[in-house]
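Chains as they are written, first to last, in the working numbering: chain A, 1 to 349; chain B, 1001 to 1076.
If you're looking for bench data, these hints aren't it; they were derived computationally from the structure.
There's no promise every hint is true.
To be verified - 30 Å max Cα-Cα, derived DSSO-like pairs, lysine-lysine:
hint	chain 1	residue 1	chain 2	residue 2
1	A	Lys293	B	Lys1059
2	B	Lys1002	A	Lys229
3	B	Lys1036	B	Lys1002
4	B	Lys1036	A	Lys320
5	B	Lys1028	A	Lys161
6	A	Lys320	B	Lys1059
7	A	Lys323	A	Lys65
8	B	Lys1036	A	Lys224
9	A	Lys293	A	Lys229
10	A	Lys224	A	Lys323
11	A	Lys229	A	Lys323
12	A	Lys320	A	Lys96
13	A	Lys224	B	Lys1071
14	A	Lys293	A	Lys161
15	B	Lys1036	A	Lys323
What the hints assert, rightly or not - Among the chain B residues that face chain A by a calculated CB cut under 7 Å, a handful are:
hint	residue
16	Leu1018
17	Val1024
18	Gln1042
19	Ser1050
20	Ile1056
What you are looking at is a predicted structure, and each value in this text was computed from that prediction instead of being measured.
Built from N, CA and C at the ideal position, the CB exists for glycine as well.
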Amino acid sequence: MNTLTDTDNMPRRPPWGWLVLGFAAWVAAYASLSPFADSAIAALGLTRQTHLGEAVHFFFYDTPKVLLLLTGIVFLMGVVHTFVSPERTRAMLSGKRLGVGNVMAASLGIVTPFCSCSAVPLFIGFLSAGVPLGVTFSFLISAPMVNEVALALLFAMFGWKVAGLYLALGLTVAIVAGMVIGRLNMERYLEEWVRAMQASQSVDYAGETLHWAERIDAGVAHVKDIVGKVWPYILAGIGVGAAIHGYVPEDFMASIMGKDAPWWSVPAAVLIGVPMYSNAAGIIPIVEALIGKGAALGTVLAFMMSVIALSLPEMIILRKVLKLPLIATFAGVVAFGILIVGYVFNLVL
Amino acid sequence: MKIIKVLGTGCANCRNTLQLIDEVARAKGIEIQLEKIEDLQQIMSHGVMSTPGVLIDGKVVHAGGVPARAKVESWF
């Protein structure tokens, strides 16, 4: 980066050449996944006919594939984030009615940069700008749950159908839960100082316009940040998946989490998920291991959504701005939505 | 002397931002008064939603994530 010499305000030339080169390298790498895994096990003196060879092949094929897809999608989202700041999202949602507002809020939740540590400032910021309570909740539910990391990992490991269903059902839960909370008129359960804030007009930070060079920088930074944090989980997940490949019976989990498991297996999965707190990347290894061992997809996805969207630490933070009845309603409505998602998935697939 | 305030609820990114500003100011030999604001009501009163945010002499110059080093350098 040219920093000290760059004293004038001329925008830096975007590194288009590097971008094209990077894209070509990405495509080439993706096209050679299979030959790479084949030659890797050949170099180790293994064949796919043995359990060990198959497990090692699985590891050498899946790891680069998942990392490549994740890097690509995270880079794109890093660039997209520079177009949709939370401030802009808030302006779009301000004064929207229930219904339309909830659909917009849940959809914007996918593309707006979101970090769980700024959930509370976002929450208050939305309310103070006249975004209705129910619409704000739609955004808060969708943003962490339906995010690019979850979608990229599901797509890489289970294909586009599962990723698509997760996207559609995650959005549905966020939209419907927000609408229900909005209908219940629970504004009186906000803490007093938040309500005072809601009435006052706060100053607005307009944000700034970026050049393409900076947008690409943001994409690269996002990759470094996310993939840099997430890769150990992915290695662990695929490693565990590969290790139990063929060693643990395929239907190990089937009796308690499989399709023919008792009806209470879905609610149990949701309940177990609440005290666990993890982001989408941390939970994927467990998802992979469970599904590999015969657990039903709906039950596992319900568990995954519950871990990400409902967590005790988050609720403790929310307690600063919400009174208990509203937190309980939020948790109840979302849990119920996830429950239905679990049953629907199990029925459809 | 510039008065710089970092708005944030205490996540890792906020600490990194604070450290980066301090570092750049030292490297350039500029004296600044650096402060951290953790109180939610105060943060909100500046209209910043995505933390960390940076305030210079009462004006918001940055919000959402750790600023790039080049950006911090341009403030001094």
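Now the hints, each set against the structure:
1. A/Lys293 to B/Lys1059: violated, 56 Å
2. B/Lys1002 to A/Lys229: Not satisfied, since the Cα-Cα distance of roughly 35 Å exceeds 30 Å.
3. B/Lys1036 to B/Lys1002: holds, 14 Å
4. B/Lys1036 to A/Lys320: Holds, at about 20 Å.
5. B/Lys1028 to A/Lys161: violated, 54 Å
6. A/Lys320 to B/Lys1059: This hinted pair holds, its Cα atoms lying about 27 Å apart.
7. A/Lys323 to A/Lys65: With a Cα-Cα distance of about 45 Å, the restraint between A/Lys323 and A/Lys65 is violated, given a limit of 30 Å.
8. B/Lys1036 to A/Lys224: Status holds; Cα separation ~26 Å.
9. A/Lys293 to A/Lys229: Distance of about 27 Å is within 30 Å: holds.
10. A/Lys224 to A/Lys323: violated, 38 Å
11. A/Lys229 to A/Lys323: This hinted pair is violated, its Cα atoms lying about 34 Å apart.
12. A/Lys320 to A/Lys96: OK: A/Lys320 and A/Lys96 at ~26 Å, within 30 Å.
13. A/Lys224 to B/Lys1071: Holds: A/Lys224 and B/Lys1071 sit about 19 Å apart, inside 30 Å.
14. A/Lys293 to A/Lys161: Measuring from Cα to Cα gives roughly 20 Å; hence the hint holds.
15. B/Lys1036 to A/Lys323: Holds, because 28 Å separates the two Cα atoms, which is no more than 30 Å.
16. Leu1018: violated, 15 Å
17. Val1024: violated, 10 Å
18. Gln1042: violated, 11 Å
19. Ser1050: Where the cut-off is 7 Å and the nearest Cβ of chain A is about 5 Å from B/Ser1050, the hint holds.
20. Ile1056: violated, 13 Å
In summary, the numbered hints that this structure violates are 1, 2, 5, 7, 10, 11, 16, 17, 18, 20.
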